[in-house]
Structure formats: C-alpha cells, structure tokens
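A.B. asks: Each chain is listed here by its residues.
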Amino acid sequence: MTTLTLTEIASQLGGLAVRGDLALQGVAALDTATPEQISFVASAKHDSRAKTSRAGALVLPSALAEQADRPCLITDNPLATFARITALFHPEAAVQPGIHPSAVIDATAQIGPGCEIGPFVHLGAGAVIGANSRLGAACVIGTGCEIGANALLHPRVTLYPQTRIGARCILHSGCVLGSDGFGNALENGRWTKIPQIGRVIVGDDCEIGANTCIDRGALADTVIGRGVKLDNLVHIAHNCQIGDDTAMAACVGIAGSTKIGQRCQIGGAAMIIGHLEIGDDILISAGTFIGKPLSKPGTYTSVMLQQAHADWVKNAAHLRHLHTMHERIKMLEKQISVLNTETGTSS
Amino acid sequence: MTTLTLTEIASQLGGLAVRGDLALQGVAALDTATPEQISFVASAKHDSRAKTSRAGALVLPSALAEQADRPCLITDNPLATFARITALFHPEAAVQPGIHPSAVIDATAQIGPGCEIGPFVHLGAGAVIGANSRLGAACVIGTGCEIGANALLHPRVTLYPQTRIGARCILHSGCVLGSDGFGNALENGRWTKIPQIGRVIVGDDCEIGANTCIDRGALADTVIGRGVKLDNLVHIAHNCQIGDDTAMAACVGIAGSTKIGQRCQIGGAAMIIGHLEIGDDILISAGTFIGKPLSKPGTYTSVMLQQAHADWVKNAAHLRHLHTMHERIKMLEKQISVLNTETGTSS
Amino acid sequence: MTTLTLTEIASQLGGLAVRGDLALQGVAALDTATPEQISFVASAKHDSRAKTSRAGALVLPSALAEQADRPCLITDNPLATFARITALFHPEAAVQPGIHPSAVIDATAQIGPGCEIGPFVHLGAGAVIGANSRLGAACVIGTGCEIGANALLHPRVTLYPQTRIGARCILHSGCVLGSDGFGNALENGRWTKIPQIGRVIVGDDCEIGANTCIDRGALADTVIGRGVKLDNLVHIAHNCQIGDDTAMAACVGIAGSTKIGQRCQIGGAAMIIGHLEIGDDILISAGTFIGKPLSKPGTYTSVMLQQAHADWVKNAAHLRHLHTMHERIKMLEKQISVLNTETGTSS
Chain A
248 MTTLTLTEIA SQLGGLAVRG DLALQGVAAL DTATPEQISF VASAKHDSRA KTSRAGALVL
308 PSALAEQADR PCLITDNPLA TFARITALFH PEAAVQPGIH PSAVIDATAQ IGPGCEIGPF
368 VHLGAGAVIG ANSRLGAACV IGTGCEIGAN ALLHPRVTLY PQTRIGARCI LHSGCVLGSD
428 GFGNALENGR WTKIPQIGRV IVGDDCEIGA NTCIDRGALA DTVIGRGVKL DNLVHIAHNC
488 QIGDDTAMAA CVGIAGSTKI GQRCQIGGAA MIIGHLEIGD DILISAGTFI GKPLSKPGTY
548 TSVMLQQAHA DWVKNAAHLR HLHTMHERIK MLEKQISVLN TETGTSS
Chain B
248 MTTLTLTEIA SQLGGLAVRG DLALQGVAAL DTATPEQISF VASAKHDSRA KTSRAGALVL
308 PSALAEQADR PCLITDNPLA TFARITALFH PEAAVQPGIH PSAVIDATAQ IGPGCEIGPF
368 VHLGAGAVIG ANSRLGAACV IGTGCEIGAN ALLHPRVTLY PQTRIGARCI LHSGCVLGSD
428 GFGNALENGR WTKIPQIGRV IVGDDCEIGA NTCIDRGALA DTVIGRGVKL DNLVHIAHNC
488 QIGDDTAMAA CVGIAGSTKI GQRCQIGGAA MIIGHLEIGD DILISAGTFI GKPLSKPGTY
548 TSVMLQQAHA DWVKNAAHLR HLHTMHERIK MLEKQISVLN TETGTSS
Chain C
248 MTTLTLTEIA SQLGGLAVRG DLALQGVAAL DTATPEQISF VASAKHDSRA KTSRAGALVL
308 PSALAEQADR PCLITDNPLA TFARITALFH PEAAVQPGIH PSAVIDATAQ IGPGCEIGPF
368 VHLGAGAVIG ANSRLGAACV IGTGCEIGAN ALLHPRVTLY PQTRIGARCI LHSGCVLGSD
428 GFGNALENGR WTKIPQIGRV IVGDDCEIGA NTCIDRGALA DTVIGRGVKL DNLVHIAHNC
488 QIGDDTAMAA CVGIAGSTKI GQRCQIGGAA MIIGHLEIGD DILISAGTFI GKPLSKPGTY
548 TSVMLQQAHA DWVKNAAHLR HLHTMHERIK MLEKQISVLN TETGTSS
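Protein chains in written order, with the working numbering: chain A, 248 to 594; chain B, 248 to 594; chain C, 248 to 594.
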C-alpha cells in the first residue's frame, strides 16, 4: 500500500497545502472516505457533503479555501488534481515487455522496444507497433496497421488492415476500428456493395470505449482527432471527421460523412445524422437527435421527458395533431378579431 | 429424442394433468405444434389460437381449465411451467470437465473441480473459477477475477481485472465487464483521464447479453444485484447500482452513478441519465428517456409514435413552437373573457 | 498499381464511353480526384461539383450525358457502376487457402476446398464450412453451424451452435449470431429462464456489421432473408423475420417476433417494438420509434429535432400538457360559438 503525505502530493502535483500535513493511504469519495484517505470537492456547491465527510484531507477549489476545516490541497481544478492523486496511489500496471509465445506475429511486422504482446494476439503483415505499447490477449491487428508508442489495447480489440492509431491511445475491449462503412448501391431492388477503400486514422491521446465501432472511409479516410474520448458502444460511420478533444458518451451514433468540431461534448445516446457539419464547442444533451447543422457554440437538446404512462397516452395522441391544433388556434384568433370589431371591443 | 408423458411431466414439475395422458416428443408454439408436441396458453386472452392448434397437449392457466379440449397441464404460471418443460426436452449440454491444451492459465489461477475451459481462454494471475463452470473459447479473464460456481461464459467474454461474477451467471458472447468508466476532467479544453479504481460486482443468477458493457466504478464499485437480466448491447456506466431481479431489454443505456431498484423492467432502447434514483417495481416503456428520478411504482413512457413522413413534417414544425402556441391560447382566453363581459355572455 | 483505360472499363462493366479515352489509375470523390482518377455524379443535382472536379473521367447518368466535358462513362446507375469500378481498382485480397496451425478444428468439422482458416479459430463438432470461405482470426464457430461458400468472416465473429449462414455472406468483427433470445418468465418477482431452442438462419449475400447481435429463436428460428444488409451495433431479437434485401443502418433495434418485409430501409437508431408486422418497401427515418404495424409503402418518421437548450426548456414543458392545451382550445371554440350566436356574428 502506497503512503504519501499531503506535502509530498503538493510538491509532485502543485497546489497549495493548508491546515497541516498528514500521511494518506488512498483516495475515496466524500461519503465513503476514511481519515487515512483524501477526497475532493469539485466546486463550491458540493460543500455540504464535505462538512460531514470523514476524509482526512480534501482537495478544494480556491473559492472554498477559507472553509478548509482539515488538511487541504487548494487547486484551480480539484477534479483534475484528484485524478492525478488517484494515479499516484493507483499507478497503472507496469508494461512487462515480451511477446507471449502463443501470439502469431507475421514475419514482416515490426514491434518496438519495450512492448508487451499478450496471448493469442495476431499481428498481420507489415503491422508496426510503437515502443512500450501493450496489446492485450486476443487482439487482432490487420496488415499494414500502425500503432503509436505507449498505446494500450485491452483484450479483444480488432483493427482492420491499414488502421492507424496515435501514441498513448487507450482502446477498450471489443472495439472494432476499420470495419467497412455501410455503403451499398440500389439496383433493381437489390444492393451492390460499394468497396470501402479509405482507412481509420486516430490521433494521439484518444480513448475508445468497449465495443465501440469506427468504420473505415468509403474513398477518403475516417479521421478521429487528437485527444478524442469515446465511451462504450459508440458508432462512428464512414468518412466522419471528429475534431480534437471532442468527447462522446455511450451509445452515441454518428452517421456517415458528418464533421464534428473541436471540444464538443455529446451526451449519451445522442444521434447525429449524416453529411452534417457541427462546429466547435457544441454541447449536445443526452438522447438528443441532431438533424440539422450546428455552428453556434452552446447546448442543444431535443428529448421528451417521461410521464406516468396514463398521462403519456393522453398527451401523445395530440402530438400527431399539432398542425390541426395550430390551425384551430389561428381560426379562433380570426373569429375573435371579427367579434372584437363587431362589438367594438379592443383587447 | 426425448419422450415424456404428460403424467411424467406433471410429476416432475407439478401442476394438474387433466383429460388423459399421452407421450410427447417436444415443445412448440401454438401455431406450429404437432400432435406429438406440447404448447401453452399464457393467459385467458390467447384462447382463440389454442382452439385451432394441432398441439397434442397444452399447458393452461387455471382460468381456462374448464375449456380443456385435450390432455392439458393446469398450472398457475403456464409460461414458467412451459419454460421448465422446454428444459426437460432440451437439457443444456453437460459440462465436459477439462482444460483445453491451448488455454493459457496463469500458474496462480485457481480452477474449481468439474470446470470446462475452452480453447484460447486466458486466465490471469490469481483468477478464481468456481466448480463446474464453463468458459467458452477465447474468453479473457483478468487478474484477480472471481467467477462463482456453475457459471456459463459463452465464447469471447472479457472480464477486466478484479471483476466478480456470482454463481450460475450466464454471460453471452462479446460482453465486456470491468472496462474503465468514462471519467475525464477538463483542463484548458483538454481531457485528463480519471483513473477508474472501482470494480464490477455481479450477483448470483444474472444473465448478461451479447456485446453488453458494464464499466467498473470510478472510486466505489459498479454493483449488479442478484437475478438481474440484461439483454444485448446494454450499457451500464460506472458506479451504477442495479437492484435484484431487475431486467433490461436490448440497447438500454444507464448513465453513471444511477441507482435502480429491485424488480424494475426497462424496455428496449430506453435511456436513463446519470445520478438518478429509480425506485423498486418501476416499469419503463421501450424507447423512453428518463431524465428525472422515479419513486412511485408504475409504468413510465416518453416516446413519439411514427407518422407518415408528410404528416410528421406538418406536425413536427409546431413542436418547436409549443410555448408560442400556449401563449396564443392564453391571449385568446383573456380576449374571450373580455368579450363575455362586454356582451354580457356567460359560457 | 492497377491501370485501366476508360474503354477497358466500359467493355468489362457496360455503359457508354464518350468524349475520348484515357488511362486511369484509381477512383476518388469529386473534390479530391486527380486527372488520373475517375469519379462519379450520382444524379443530375450534383452537377455543380462535377464542373470544378479535376477528375480525369466521370461516370454520369444518362440525364447528364449532354454535359460531358471530358471522357465519361454514361450508365443508368452511376453509383452502382462506380462501385464496380472501385472493385476493379481495389480487388478483394485473394483467399489464401489453408488452415492456420493454431486453429482448433473439431475432428468432425468439414471444411470445403479453398477455405482460409485464420489463427485461433475454433470450429466446433459437425460445423460445415463451404468452399472458398474465409474465417478471420479468433472466430468461434459453434457445433453444428453451417456456413455457405465464398463467405467472409472477419476476425472475432461468434456463431452459436446450429447457426446457418448463406453463401457470399460478409460478417464483420465482433458480431454475434445465435445468442439466446431474451426470454424470462416472472414467478413471484423472480425470473425463470426460458430455454431458447430456435436457431438463426441467414440467407445468401447478407452483410452483418461490427458488434451486431442476432438472437436465436425461442421455439422457431430467427430468419434473415437473402441480401439483407445490417450495419454496426444492430440488435435483432428472437423470432424476428427480416425480408430479402432489407437494409438497416447502425444502432437499430428490432424487438422480438417482429416481422419486417422486403426492400425496407431502416435509418440509424430507429427502434421497432416487438410482435409487429412491417410490410414491404417501408422506409423508416433515422431515430424513429415504430410502435404500431405498417403496411403501406412509404416513409415514416417520429423524431423531435434539436433546439437551443433554452428554447427546448420553454417548449418541452408543454409536451406534458398537450391534452390540457387541447381541452382549452375546445373550450374556446365553444365560447366563440356562443358569442357568435349571441352577437349574431358569422365568421
């Protein structure tokens, strides 16, 4: 078990240690932390839970520095600081360089120094793996793929041929990159497959969730920028371009050829149709359907909230007749206007 | 082929056999059953299809006992009885104890007696597998995982390190348990990964669908209760707690830190946002978006039903102007009130 | 690099070559094509981009033949023709017959001539693989499965026992066919599993996307017709029947026992509830919820489009009170009618 004093943490990560020092043995949430653990308050509004927390130390935002009632670390961004403290107490397992004897590595594949290649990994012809990268068990890396240095592929990741992954990327189990885009031409009621000859290109520092799918481009490439974070079960269709530092929560679907800007945040299960342009700094609420382009930074939403089923039945019927309802209102307004004239009333 | 008489079935499973006996060779739906097969009527309302069914025997609810026109088994819960009869005719393949020579088992892993470990399975350090459990081909079990007795993992399941699975659980192909929760802190427009140090804990008698994902907790654990049934392509985010006997149909997404009660039933593609509390015995309709907490048992819904596209175009435009529509109604009411006063009308 | 003249292409694929010949080295989109490449115009409305394209040659629809300003191939269906030209320049990698020594093949499995079986493949007892089929790395084929000739299974596909796949099918990585349908009977608040004894039957010429799931039938089979195209992360529940040539975009979910006709096109993230009948030639828009049967060919829709969040807040509140709004309009109409009578106004 790692032990670190608050002063040691401050000297490693920055921030101002106040109200004394103590030895800490780990991190926890406010409500479960013990006196040997450090917790955090993300912003001023979480203050009430902090008061009753048993945590031995807290990371606090500057705005709450005055209220420090125990050893605290004051920083501009308590959540980010807490993330780094967590990493100090729970460092990632060290890379154990070596190639498991069960792995099948094509003779022309290149594996950088310090890599860890797990059991049942298959590396195709010409694949290139950067230094110190880890490939978990049963990963399948197609011919001509390139993976940057210090990447982490959890077990059972598939990269189709020619896929490129940047440095320090984390790919979670079951994700599939480079599968054929959904391209078919209709001919007399039947489908002819359109070969998908583009690639998937993923920038540095991305994280791709479990069972997430990113299709290769039809003619050009599907491009995922630097620092993009995709949660589980996300679908990115062919030819999409996702800007740097954009994040998507689970179950999001992006249809083909849509271009999304930088620093966007897309809530879970949101869906964006194809061939749209979404600008920078756009926030999309969970469950929202985006059917038109968006250029102005801000938050966009389109969900219907739950009702008790009986209430929904009463209301939902009218959803199909809003146009009629609107026409009836217009007619009423016209009639009122006539009545007002006839009776000399001004309202 | 198994042959069982109706009397033998009744003696094994309970229920009242009426109107004679016969030898049966299998189960089928009402509309396809032959005279050698048994079918069932779940409740009184399916009666009409039963009349014309060629099934040699039927499982009937007590309410229909009077209408038995052939050998029948009368039980309180025909569907559950029929499930058990199906299992009699189609018993699960017996466990074939042994470890396939291609499996890679860490020297410190413990495998209980009677287990069947398939080809290309990888068991990490310290993993513990309970007695008589089966691990299908290409399952990857991380270090420190624990799997209860009599569990069934279909091929290609991933358990990240430290995941715990109860006894008699069934995990379908492609599911991923214990992947990192989606936790990132924003710093000057870029994301810092928040280490996810919690685990996934799954109770006894759960079933997890194909390609379903359950993320490990950020600080505390993600907890799936006893008897929980999850269909395919479900996403359970970090820190969720799912109560005993709750069932979720396919494509459901539950965002982080949401707590769901016992015996809930969540329809396909429903989405529940994060940090909510959902009580016991809540039914959520398919496709419903849950954005607020729910405590009162009952059914909740929020979908918009399909329309012919041209009708939708006419109606959907008004969805964006409901507030204006409401304001116009208020104005009309005010004007009518003035008119009524002016003209001495009381309506 | 392949080089083909326009005349050679026309002689192989049909179509009318006009305005001269040239040697071509590949295909590209209008906006990126170079003078050595051929591009295409799908229909008359894309004309403006063609004018400025640097492409050396174009595939044009007959309607634009008059406007050919460079060597062109005139065909009835430019997209389909372009798909075939793409395949000429980018032929699929040839099958490399052979069984990788790491594969585990049951002694009773039958592998047709010319098949390519990748590393870490597991073939169960009695599995039958048609001639010239390819099984990518780490595919798991259950006992009694049948795969037609010339099929292509990308890496990490799971077929549960008894699944049947037609000739020339393409299955993408991570897809799971034949997993148990979601069938459970409620007994005193707990679930009893209903054994799923049907199979999954897939016709010829289908394509199944990455991480897509198709469940086996409960009693009868789940049946996917000929030429069906399913994108990534689609869920097809037990007992569904999908008609020939129907296509579904990513993230679609079809609940149990629903029957869908031929030549339907289902947009991304659409959801169809169970036990419905959907006719032939039905088009369903992306994100649409289908809660009622559909028989008349045409397009159906049910989405709510995004709004700026503040606007949504104002409007969404009224969604829960449409019934009341409707009642208020009815009351206004009654009052107006009384007023009209009293004042002798006819509007």
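It is possible that some hints are incorrect.
You can't tell identical chains apart in this list, so a pair holds if it fits in one copy or across any two.
Cut-off 20 Å, straight-line C-alpha distance, at most; resulting in silico cross-link-like pairs (EDC-like, lysine to aspartate or glutamate) [said to hold, decoys possible]:
#1 LYS543 to ASP558
#2 LYS292 to ASP278
#3 LYS440 to ASP323
#4 LYS577 to ASP468
#5 LYS440 to ASP451
#6 LYS561 to ASP278
#7 LYS577 to GLU255
#8 LYS440 to ASP268
#9 LYS298 to GLU283
#10 LYS506 to ASP278
#11 LYS440 to ASP491
#12 LYS506 to ASP491
#13 LYS506 to GLU574
#14 LYS577 to ASP558
#15 LYS539 to GLU339
#16 LYS577 to ASP268
#17 LYS561 to GLU313
#18 LYS440 to GLU339
#19 LYS543 to ASP491
#20 LYS539 to ASP558
#21 LYS506 to ASP528
#22 LYS506 to GLU580
Everything labelled a hint here was simulated from the structure, so no lab data went into it.
A.B. asks: Which numbered hints does this structure break?
C.D. replies: 4, 6, 7, 8, 13, 15, 16, 17 and 22
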